[in-house]
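Numbering (my numbering), first residue to last: 446 to 853.
Be a bit skeptical, because a hint or two may be false.
Unchecked claim - 20 angstroms max Cα-Cα, derived SDA-like pairs, lysine to any residue:
1) K734 x D705
2) K796 x T755
3) K452 x I547
4) K600 x I588
5) K496 x A597
6) K495 x E553
7) K738 x S684
8) K585 x G701
9) K585 x H595
10) K726 x K796
11) K614 x N634
12) K496 x G511
13) K663 x S684
14) K848 x N806
15) K826 x Q841
16) K849 x D838
17) K495 x N479
18) K614 x I633
19) K848 x L803
20) K660 x E553
21) K615 x D661
22) K639 x G701
23) K625 x N635
24) K539 x H515
25) K615 x W636
26) K585 x N616
27) K495 x P580
28) K802 x K738
29) K585 x F657
30) K462 x T763
31) K802 x D838
32) K463 x E545
33) K796 x A840
34) K614 x T572
35) K495 x K462
36) K849 x S820
37) K452 x G470
38) K452 x T554
39) K496 x M510
40) K462 x N551
The hints are simulated quantities; they were obtained by calculation from the structure and are not laboratory data.
Small disclaimer: the values here were computed from a predicted structure and weren't measured.
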Amino acid sequence: MLCSISKINTPIPFSRKKVDIQLDGRSLIITGGNGCGKTSFITAIYNYLKKGIDDPRNNDVQYLMGQINHIQNQIKNIGRDGGHYNYYQDELSKHKNRIEEINNFNIETNSIDNKDIRSLLRFHSATRQSAISSPIQTPKHSILVEENKHFANDKDGSQFFESYLLSLKKNQSYAIAFDKNVNEANRINNWFEKIQSDLRSLFEDENLVLDFDTKDEKFYLHQDGKDKYTFQTLSAGYSSILSIYTDLIMRVEMWGVSPDNIQGIIFIDEIDAHLHVSLQKQILRFFIKSFPKVQFIVTTHSPFVVTSVTDSVIYDLTANEQIIDVSSYSYGVVMEEIFGVLPDSHALTDKLIHIEKLSQNITIDNICELENIISSLATEKEHMSDDTQAFLDTAQLKLIKTKKNISK
446 MLCSISKINT
456 PIPFSRKKVD
466 IQLDGRSLII
476 TGGNGCGKTS
486 FITAIYNYLK
496 KGIDDPRNND
506 VQYLMGQINH
516 IQNQIKNIGR
526 DGGHYNYYQD
536 ELSKHKNRIE
546 EINNFNIETN
556 SIDNKDIRSL
566 LRFHSATRQS
576 AISSPIQTPK
586 HSILVEENKH
596 FANDKDGSQF
606 FESYLLSLKK
616 NQSYAIAFDK
626 NVNEANRINN
636 WFEKIQSDLR
646 SLFEDENLVL
656 DFDTKDEKFY
666 LHQDGKDKYT
676 FQTLSAGYSS
686 ILSIYTDLIM
696 RVEMWGVSPD
706 NIQGIIFIDE
716 IDAHLHVSLQ
726 KQILRFFIKS
736 FPKVQFIVTT
746 HSPFVVTSVT
756 DSVIYDLTAN
766 EQIIDVSSYS
776 YGVVMEEIFG
786 VLPDSHALTD
796 KLIHIEKLSQ
806 NITIDNICEL
816 ENIISSLATE
826 KEHMSDDTQA
836 FLDTAQLKLI
846 KTKKNISK
């Protein structure tokens, strides 16, 4: 069973660069400018690992060489006019490419030698949306579990999340009404409370309620000041989050493990996609805390994601270097030093340039204008970078001195 990655020494696709990242099972945050290859990089790693899980022989060079020799003989025997010529050519190319990958990719992994335990390996694209379907009828819990207890890594578990909720709610009512099994009813109730607690964290609303409507046998989300809504009518941001969360929860339930014990690797491209800033600050931390033995490999443009966790590795693909823990750094510093973007907005930058221009030659004609601009920025000063604050302090001091001289 594949548990985690300990080291990555691979080329960055479509470039001449090569990375060397020491993970030792820790989660990985990939940053870098647009076009540096973040998506291609994590996709290549995922595909490399997936081929080895789908068929362990794909990691055996001797086996692959034997297949190549066999296919070449088949092609030689049937010739170009043979009915399976194109098929053999594709297979030949596939095996040769795999050997090239093995030679170029040095990915060290940690595994448990237990074939009864599933290897969790999932890839969530930047365009992910939850596929939670609304059940047409109440499913039988035992059948739902039996049908999905071995569901594959490439199947989206979020599809039957609400069906699972509905089946559990039915079991809870049976436990109370027919079996008089208080312990089982309480166990299910505690499970629903845990899901509701997680949803409150993800939606940043301690008053959110996951409510079951007995009349139409459907689940609704209730938030103060909003109309109730369903899992099928989520905004893009929350849909993006729940596509990951519900998929993980279903694997926990169907595979018979706890959130604390499920192990494996999850790739998330643009984990910050569609998320409000406040949620960017906590989303990765939430997943790492909720599923502590899962290794998350994510890409991001967000300084809020980069500074949200302490025990993760950060790698800048543009600079091709590993970055130290920046959880204690200000967002402005991270924006400027890691992402190469000035933290001040264009509007603020324009005002600062104008202040600098006026400060160079303060006169009776422009002193009021300068004072008004500096005053207009006073309320936002504490949110600005240290350099910007120092610049405004200097301009303010120069303004005060000039006003004193003019009044004499």
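Could you grab the alpha-carbon distance between K496 and M510 and see if it respects the 20 angstroms cut-off?
holds (16 angstroms)
With a cut-off of 20 angstroms on the C-alpha distance, tell me whether K639 and G701 pass.
Measuring from Cα to Cα gives roughly 17 angstroms; hence the hint holds.
Would you mind confirming whether the straight-line C-alpha gap from K802 to D838 stays at or under 20 angstroms?
holds (15 angstroms)
Does K734 pair with D705 here, judged by a C-alpha cut-off of 20 angstroms?
holds (9 angstroms)
Please verify whether K615 and D661 have alpha carbons no more than 20 angstroms apart.
holds (13 angstroms)
Compare the distance between the alpha carbons of K495 and P580 with 20 angstroms, and conclude whether the hinted pair is satisfied.
Outside the cut-off at roughly 31 angstroms; violated.
Hint consistency between K539 and H515 [alpha-carbon to alpha-carbon, up to 20 angstroms]:
Holds, at roughly 14 angstroms.
Given the hint that K452 pairs with T554, does the C-alpha gap stay at or below 20 angstroms?
Given that 20 angstroms is the threshold and the Cα spacing comes to 7 angstroms, the pair holds.
Has the given pair, K495 with N479, been kept, meaning a C-alpha gap of at most 20 angstroms?
With a Cα-Cα distance of about 26 angstroms, the restraint between K495 and N479 is violated, given a limit of 20 angstroms.
Going straight from one Cα to the other, do K625 and N635 come out at no more than 20 angstroms?
The hint holds at about 17 angstroms.
Taking only the CA atoms, is the gap from K585 to N616 under or equal to 20 angstroms?
Holds, at about 9 angstroms.
Taking 20 angstroms as the top limit, are the C-alpha atoms of K826 and Q841 close enough?
Answer holds: K826 to Q841 is near 12 angstroms, not above 20 angstroms.
Checked against the numbered hints listed earlier, the structure breaks hints 2, 7, 10, 17, 20, 27, 28, 34 and 35; every other hint is satisfied.
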